[in-house]
Each structure stands twice: as structure tokens, then as C-alpha cells.
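6 protein chains.
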Amino acid sequence: MKARCVREEMTYTGEQLHSLWIYRTFGLEGDAIVWFAGPCAVSGEHLVDQVDAAANDYIKAARMMHFLVEQFHGDLNHAILRQRLLVCMAGEVLSDDVPGLSRVGDDLFFGEKKLSVSIATISPVSTLIHFAVNIDPTGAPVRACGLEELGVDPWRFAERLAAAYVGEAERMAKARCTVRSVP
Amino acid sequence: MKARCVREEMTYTGEQLHSLWIYRTFGLEGDAIVWFAGPCAVSGEHLVDQVDAAANDYIKAARMMHFLVEQFHGDLNHAILRQRLLVCMAGEVLSDDVPGLSRVGDDLFFGEKKLSVSIATISPVSTLIHFAVNIDPTGAPVRACGLEELGVDPWRFAERLAAAYVGEAERMAKARCTVRSVP
Amino acid sequence: MKARCVREEMTYTGEQLHSLWIYRTFGLEGDAIVWFAGPCAVSGEHLVDQVDAAANDYIKAARMMHFLVEQFHGDLNHAILRQRLLVCMAGEVLSDDVPGLSRVGDDLFFGEKKLSVSIATISPVSTLIHFAVNIDPTGAPVRACGLEELGVDPWRFAERLAAAYVGEAERMAKARCTVRSVP
Amino acid sequence: MKARCVREEMTYTGEQLHSLWIYRTFGLEGDAIVWFAGPCAVSGEHLVDQVDAAANDYIKAARMMHFLVEQFHGDLNHAILRQRLLVCMAGEVLSDDVPGLSRVGDDLFFGEKKLSVSIATISPVSTLIHFAVNIDPTGAPVRACGLEELGVDPWRFAERLAAAYVGEAERMAKARCTVRSVP
Amino acid sequence: MKARCVREEMTYTGEQLHSLWIYRTFGLEGDAIVWFAGPCAVSGEHLVDQVDAAANDYIKAARMMHFLVEQFHGDLNHAILRQRLLVCMAGEVLSDDVPGLSRVGDDLFFGEKKLSVSIATISPVSTLIHFAVNIDPTGAPVRACGLEELGVDPWRFAERLAAAYVGEAERMAKARCTVRSVP
Amino acid sequence: MKARCVREEMTYTGEQLHSLWIYRTFGLEGDAIVWFAGPCAVSGEHLVDQVDAAANDYIKAARMMHFLVEQFHGDLNHAILRQRLLVCMAGEVLSDDVPGLSRVGDDLFFGEKKLSVSIATISPVSTLIHFAVNIDPTGAPVRACGLEELGVDPWRFAERLAAAYVGEAERMAKARCTVRSVP
Chain Z
6 MKARCVREEM TYTGEQLHSL WIYRTFGLEG DAIVWFAGPC AVSGEHLVDQ VDAAANDYIK
66 AARMMHFLVE QFHGDLNHAI LRQRLLVCMA GEVLSDDVPG LSRVGDDLFF GEKKLSVSIA
126 TISPVSTLIH FAVNIDPTGA PVRACGLEEL GVDPWRFAER LAAAYVGEAE RMAKARCTVR
186 SVP
Chain Y
6 MKARCVREEM TYTGEQLHSL WIYRTFGLEG DAIVWFAGPC AVSGEHLVDQ VDAAANDYIK
66 AARMMHFLVE QFHGDLNHAI LRQRLLVCMA GEVLSDDVPG LSRVGDDLFF GEKKLSVSIA
126 TISPVSTLIH FAVNIDPTGA PVRACGLEEL GVDPWRFAER LAAAYVGEAE RMAKARCTVR
186 SVP
Chain L
6 MKARCVREEM TYTGEQLHSL WIYRTFGLEG DAIVWFAGPC AVSGEHLVDQ VDAAANDYIK
66 AARMMHFLVE QFHGDLNHAI LRQRLLVCMA GEVLSDDVPG LSRVGDDLFF GEKKLSVSIA
126 TISPVSTLIH FAVNIDPTGA PVRACGLEEL GVDPWRFAER LAAAYVGEAE RMAKARCTVR
186 SVP
Chain E
6 MKARCVREEM TYTGEQLHSL WIYRTFGLEG DAIVWFAGPC AVSGEHLVDQ VDAAANDYIK
66 AARMMHFLVE QFHGDLNHAI LRQRLLVCMA GEVLSDDVPG LSRVGDDLFF GEKKLSVSIA
126 TISPVSTLIH FAVNIDPTGA PVRACGLEEL GVDPWRFAER LAAAYVGEAE RMAKARCTVR
186 SVP
Chain X
6 MKARCVREEM TYTGEQLHSL WIYRTFGLEG DAIVWFAGPC AVSGEHLVDQ VDAAANDYIK
66 AARMMHFLVE QFHGDLNHAI LRQRLLVCMA GEVLSDDVPG LSRVGDDLFF GEKKLSVSIA
126 TISPVSTLIH FAVNIDPTGA PVRACGLEEL GVDPWRFAER LAAAYVGEAE RMAKARCTVR
186 SVP
Chain F
6 MKARCVREEM TYTGEQLHSL WIYRTFGLEG DAIVWFAGPC AVSGEHLVDQ VDAAANDYIK
66 AARMMHFLVE QFHGDLNHAI LRQRLLVCMA GEVLSDDVPG LSRVGDDLFF GEKKLSVSIA
126 TISPVSTLIH FAVNIDPTGA PVRACGLEEL GVDPWRFAER LAAAYVGEAE RMAKARCTVR
186 SVP
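Taken in sequence, the protein lines are chains Z, Y, L, E, X and F.
Every position in the first sequence, counted from 1, becomes a number in the numbering used here once 5 is added.
Every position in the second sequence, counted from 1, becomes a number in the numbering used here once 5 is added.
Every position in the third sequence, counted from 1, becomes a number in the numbering used here once 5 is added.
Every position in the fourth sequence, counted from 1, becomes a number in the numbering used here once 5 is added.
Every position in the fifth sequence, counted from 1, becomes a number in the numbering used here once 5 is added.
Every position in the sixth sequence, counted from 1, becomes a number in the numbering used here once 5 is added.
Next comes chain Z alone, as it looks inside the complex (with noise of 0.2 angstroms):
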């Protein structure tokens, strides 16, 4: 699995979560995560939880971490336990500088303020993951705290966060291996 710092600001909008966007974009061939700070902008025919899309919800913050995550094998379900993962990992690496979060399903929680957003789908082809962390969460519909307020670092938690979730991704894939099946 590859992982992909990348340093220009861009706008996430929604449009980034559709399969092989990270080989067109940045040439990375196969299993994924990259990163990349700037604004999220997501509404209308991008929302891909039709839970905001029937709320007519949508999703918005002055400045995120996102991370785009692709892996080309597995289903929906896979798609949604590697999000899980994802965000649990994502407190792990924080709680080590901030105490207090918490996660509830794909969303992290500073008190009652919340600091991520996510969603995890399935093209023809892959399984995807949008995480993003507000780092300046001006502009969200919630409230909502970020990095900045925190005081943490998003490059160096992004930089933790990404070689924690490949190490994982190696490791699963080992004990894929290793393991015997029961009656």
C-alpha cells in the first residue's frame, strides 16, 4: 500500500471519491492513502451518505487533513470496517496529545464538538474512504473544533495517522496468511 503526502492545497469537493482518481492524479499504481490539506466543500450530487443527501445536508469546513483512501479489493462492507478502522486509528494517534476525544461510529468527538467527517463506498472497481479532520473548522453546520485548536500539528498527525493505517493494512494481509480455518 502506498502513501502519498501531498503538499498543494486543494478544495475537496466530493468529486476526488471515484476510482482511480489517485493513480490519474498522482500516478500511485494500486492499494492507497494520500493527504492533502485545504477547504471541503461537498453538497448536493456528491453527497454519497444518503442519509445527508435526504437531510439535504452538507458538508463544509474552512480547512481539513483529508485523506482519500483506495484499495481495489474487497466489498462494501470491507469498505466500511477499513473506514472504521481508519478512525479509530485516528484517535489512537491523537490520544496521545489530546485526551478527552471520542469516537462514535466514523465520527471523533472533542467533548461534544466534532472534529471529523467521513464516508466509505464502493466503485466498480475499489473500495474508497474520504476522512478528513478539521484543522480550522469555520463554516461547519455543527459545532465543531479542529487541529489548530488543539494544537496539533495535522501535517505530523497525517504523516502518523498514514503509515500507522499501511503498517495495519501489512500486518492484516500477513495474518491473512498465517492463519488455518476451524470446523
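The hints are simulated quantities; they were obtained by calculation from the structure and are not laboratory data.
A few of these clues could be false.
Copies of one chain are not kept apart here, so a pair can be met inside one copy or by any two copies together.
In silico DSBU-like links for lysine-lysine, alpha-carbon gap of 35 angstroms or less [unchecked claim]:
| no. | residue 1 | residue 2 |
| --- | --- | --- |
| 1 | K7 | K65 |
| 2 | K179 | K65 |
| 3 | K118 | K179 |
If you're wondering where the values come from, they're calculated on a predicted model, not measured in any experiment.
Take the given structure of chain Z and dock chains Y, L, E, X and F to it, following the hints.
For chains Y, L, E, X and F alone, coordinates are given in the frame of chain Z:
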């Protein structure tokens, strides 16, 4: 997903990691998590992890809180993802009371002391997880500690972890049915 | 599996055979069967059966009882098996009141008159079935009859069929989890 | 899908519910349905339904018409769907001659008397169904009746059911290849 | 698996690589291989291989023998394996007449000259392969040669390859149903 | 995918066709191909091909070059496709030195003499292939020849075939991740 606390002490030998053991033993139909306390003594043919088996390793502790999870949908990759999620969630539950825990793959550590063991596998009809947290680690083949030493009530911990896992399973099932795919 | 009777008349055009249409329209999360009465008018690009499409066929009737089923697990073969089962069960429900019905694949007949239409397919996230029984077959491109002519109350029939299908789904889910494999 | 009528009497003990038994016994390659008449005596380790096994139940009848189906594609959910369809179709075939039959899951009843037994399961390489209809129910552990009492020729019934099942399999295979997906 | 030789010349543009195109165009139901001769001109949005698309590449030749294969079972890995097998088999068929051929992945070469193009992909309901061998390579963006130059009758070659592929599919289907699993 | 040449002679009895045998014997984690030379003697319960087993056949040769492949992703159809590809590739490698080879399914022939044996199957956690090419065919139950007679160095052949198979697996994995689907 059903949850059942089993109050009678049982020794975990690895024979419980068997399809439909939960149904045959407790009458619970379908996806389920059960937990019980008791010694742990797994060796030889009952070792499912072939890394351990290859090393002539064994798993032993005087008393652990054992979790057995059987879910009837999915493959070995689902099993391993579910296991990692369960172990992460155990870390989340414990971290309210115990600072300084860390997770490496499917193991929890307190400092350098190992707190848990786990295996995920498949049967011909289901995915299965055994996850056990030391209460009293006496007899473990590595440096280990237990919930007793950490001042954590094992039953309260188990109840909270099982409830969290069942809740997560429900949230994921709902997410599965309310997300659209992307191109 | 959820069941919902929709009392307002709607024209079935084929556009309803779309993933998450039930969720977006009625707010039902997860596996569901809904039914409503109304005209049927499917043609051109909305024909999913390519045998019909190839023949420039169309589906039309003045008023039918429409069933839409969405289930979020399984492949196209599951979809077709579920459809055949649903049509068989419609035959079982009707045969209490109407002797002389027969089934050929996914079609019910009363003598030589066609009583129903059906299609099963998949979306990227689910399996989908449309099954509709004529109430008033006026306009059908083949010899047809309807529940009106047979003296069957369409709403009572629909209620019974939906309940039977939901019950069957539950029994099958239970059977799935209480059977062992064989060598 | 091949169909083979076996004229010699055989006792069904559950050992026949084994992958490739049809191939090894009759030389039929690939998907097949075979039928034969004979006693039924399944107990203990040969019970595949763990609900029966848990209840220390057994399956017994003096003479039944046995159907064994092996299909080499699909999972346990396919197996159970195929089984339900087969039992529905047995009802369809019988109802021409016998009014008053009913089906509950994978069981046929005549009034309150049980007419059939069935199990669907998987092997490592296939899905398997055993379905058997009493000819003479003597010895059954529940109130039961048989084709003899109902005045139905078991061989003619079997021939018609097998032909119908093979035809259905062919129609479904064709439907699988002539339907497009929906968004 | 059906095989159909199409005698009228057609330009392959990539639009033919579409689920059910064979059924809609030639009326062949189910798994099929068809072949026809004609120019090749694939570019832009019709490029399925994203390596080519990323390079702004195009596929062009004055006249090729085109093979289109649609099979309704399997995933993208099956599709790619089937493609490699088809290309290997083309090599086997040609090597009787043409010494010195070599294969690299899904490409055949005669010395350093490229003889063929191919892509394997999936649709929502099937796996699809396009494989084409130059008859007259004029216009190809790389050094290429064709069957004309090699003195091979393209129709006889196509007939033999299609027959071999259909035979292989049948042998594999039989092997699928006559092998047991291992522990 | 790992490749390992095993220099010590071993008799292939069929017991090596077992999940995780490669890992347990050689410590190779994950997808792997290993090869070794030695006698071949497979009979009775170790026959996996039920066509052979039904015929009371056996597999025997004085010395063969044996290839064992275990891959941890895929179903029985993948296994058989991979096997056919491996056998094709053996033909490609050999044909540089030996003209007049032919392949029928999973068998290589030199004229009418059989050169190889092969089986592909699945275990609960993997797909497995055994492919063996006669070095000295003495004892084979059919007309056979070997690499010795053909003047081919078995170790050099094996090295080249294994390298080609590993390379093909890598190219296919890359193709899997750089192709888009079609409608």
C-alpha cells in the same frame, strides 16, 4: 447481533473457536458475542495462528476475560478487520480508566507488558474471533499484565466492550444500506 | 426486512427500480418491500430485461399492484432466486382463492391469460425486484387478466404476500445461521 | 443441469449429503438432481441442521422419495434460496392433484400432517440440497402423511418436479445473462 | 459458450466493450466469443486501460481480427486471468505456423514488432475481453506487424483460436465440478 | 509472490497439496511458488481429481520437477485459470528449446507422450496448484517422456517458469488496479 454474558468460569482451550459453538452451547442464533472468565490454555493442534504453531508457541494465563464472536457473513479479510476493530474498541473502552495503553495489530499493551491475545479466522459457515484480556496473567509465556493490576473491573469492561461492538455492528449495517456507490 | 404499504397511487415507469429509491422515498433503511397500486408504463431505456428491449417490447397496464423489493446483500443470482421465490409465493397466496393459476418462470398465468410482470436485477449496492400483478390489465400488449376479474382484493393479497415474503426472509436468515457445512 | 432417476431403493442416512457424491456414485458431472426411493434414517452426527441436532432430534420414515441436488456455484444463501424454490415447486406440482397443501419454510404439510423434510447446506466446492417427500411416513417422529395416502404416484411426481427444477435453473441462467443492471 | 464468426467488416472503437453488446447485436445469450475483421480506432473516453489514458495514448490499426468475449460469471481477476489465457492460446495457435513469437503479459510480439492489443475489464453484470491481432498494422503508434506479413490466414486463425477457447472453457468448467478441496 | 527453489529431493505424495504447507515447511508468508525435484507417487485418498479417483487411477513417475503454488485470494475458478496459465507458460518456456510440444487442458504433450501432470484446487483459506513435469517418466501409467529425454535442464526450466509466473502475477495485479469498468 446478540450479546451474552456467561457467568460460569470456563477454561478457553481453543476448542470453543468452532462454528456454531455459541449456538450449540448457549442457543443464540445468528451473529453473537459471548464473554466469560477463566483460564486460558491453548497449544498444539488448537493453535490457529500458524506463526505461533510454527514457533511451538502456546497461549496461557491463569485467568482472562474471553470474548468469542461469530458472524455469519463475510470472508477471512472481514474476520481480520472485525478483529482489529474489536481490539481498537477494547483500547477505547479501557483508555477511559487506564492511560498509557497501546495497540500493535491485535495485541494491547500496557507499557511493555502484554495485556491480551487474539485470533480471527473462518469456518465453512462463519467468521470467528477470540479475544481475551488478562485478568491475572500468571503463566503467560511473555511479560504480561492484567486488569486486576490495572484496577479495572473485568465484568464492567466486558459489558461495555460488548455493547460497543454490538452498537458498531448495527451502525455499520445501517451505513451499508444508506450509501450510494461512486463511478 | 421492512414492509410498507403505500396508499397513494403511483405510476410505475421503471425509474423506481433504482438503488436506494425506497430509502429516499419512504425513509426505510435496509432490506425492504413496499407496495402500491397504479398504472404501469415501462418502455425504452427503462426496460431492464434486454429480451424485451431487443424486441422493442413495452410493459403497460391500466392498474397493477406493484411490489418493489430491495435487499442489500447478494449478487444477481440471489436476485433472480429471490424473485422466483416471490412469484411462487404470490401463487401460493392467490391459490387459496383462485384455482387454476400457473407459474412459468417469473410470470403468473390464469389459464392462458398473463397476470403479472416481473424483473430482478442488481444495482452497485443491492439486489432489486419489481413484481406487479394486474388489477385491471387494460392496455397490456398480451392477453391478460387481473385481480379484479378474479375477485381478489388487491390490498389484502398484497398484505399477505409481503408478510409471507418477510417471514420467509427471516426463516432463511435463521436457517443460514443454524446449519453446518458438509465435507 | 443433469437429472437422473435412480430405480434401486436406497436408505438415506445423511451420508449422501456430501460433495461429489452424485458424481462418484452415478458419474454425473456438474450440476445435477437425482432421485430415488427408500427409507430415511438420519441421526446424530449426520444431522446437518443444528436446530435438530441441538434437540437430539432424528429424521425417520419407512419410505420417502428422496431428491439430492448438487450445484457447483454459489454460497449458503444461494443454497437456501434454491431449496425454498424446490419446495415451492414441489407444492406447485402436487397441488394439481392434491388440494389443501401448504408450505412453511422448507416443509410441506397436508393439513397438520408433515409431508416432507429438507436441508440445504454447502460443501467446500458446492451447494447441496436434500429434499424428501414421504411415501409411507411410518416411523416419523411427528404427525405425518405420505404420497401413498394422498394417492400420488411418487415416480411421476418426482419426474415432474425434477423436470420443473431443471427447467427453472435453465430459465434463471438465461435471465442472469439477459438483464442489465440499474444505477 | 457460444462462438460466432461475423463476416461483415466493423470498426472497433471501444464502444463494443459493453455489457450485453454481443446479445443485443447478435442475439447470443450467455457466455460468448465473437470475432470480426476491421479497423481499430480507440481513443479518449473509450480507453479502458488507464495507463493508456494517462499517457494520452490511442489504439489504431488499419485492419485487425477482433475478438470480443463476454462471460457472465466472475470478477475482475477472473477477467484478467481469462484474458492472459486467451492471449497465451493465440500464441499456441500461431506458433504452429509462425516461429519466434513471444508474449509479454497481454501482448504478442514477433521479434520486436507488436502483433496484438488487448484489454480485460468488468461490467456490472459480466467480464469482458477485447483482443485483436493486426492483419494490416498500418497506423499503429508503435512498431507493429500483422498476420498478412506473417502469411497467416486471419479467418482460419480466428476459427481455431475461438474453438480452442471454447474448448478450454468447457474443460475448466468440468474440472471445476470434479475436484475435491483439500484441508 | 515469493519464489523458492528447494534443492533437496522430496517425494510428492499429494500430502503437500495442503493449505499453509509452504509456510510451515519453508517459512514463506503469503502467495508463493516453490519447486523441487523427486519421485511422484499419488494414489487413493490423496487423489484430488475425482475423475482419477473414480477410475482408481494413480500418478507415478521416477523423477519430476514439482511446482507447488499457493495463492491466498480467489475461488476454485481462479485456481483453475491460474493453473491453465501456468501450464501454458511452461509450454512457452519449453518451446524455446523443444519444438513440437502441445497442451491439452492442464497437460503438456510431446507428440503423443505425456510430459506433465497437474491439479488445481482450493483449501479453506487459499487456492493451490500442483504442476509437475517429468524428468524421468519411468513408472508412469501412460506413455510419457521427460525433460531428460528432451535435453532440457530441469533446474533452468524451473527457474525460468517460476520467474515468468511471478512476473505474470505482478503484471496482472497491476492491470487489476489500472483498468476502469465499462457500463
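Against the structure shown, which of the earlier numbered hints fail to hold, in ascending order?
Structure breaks no hint.
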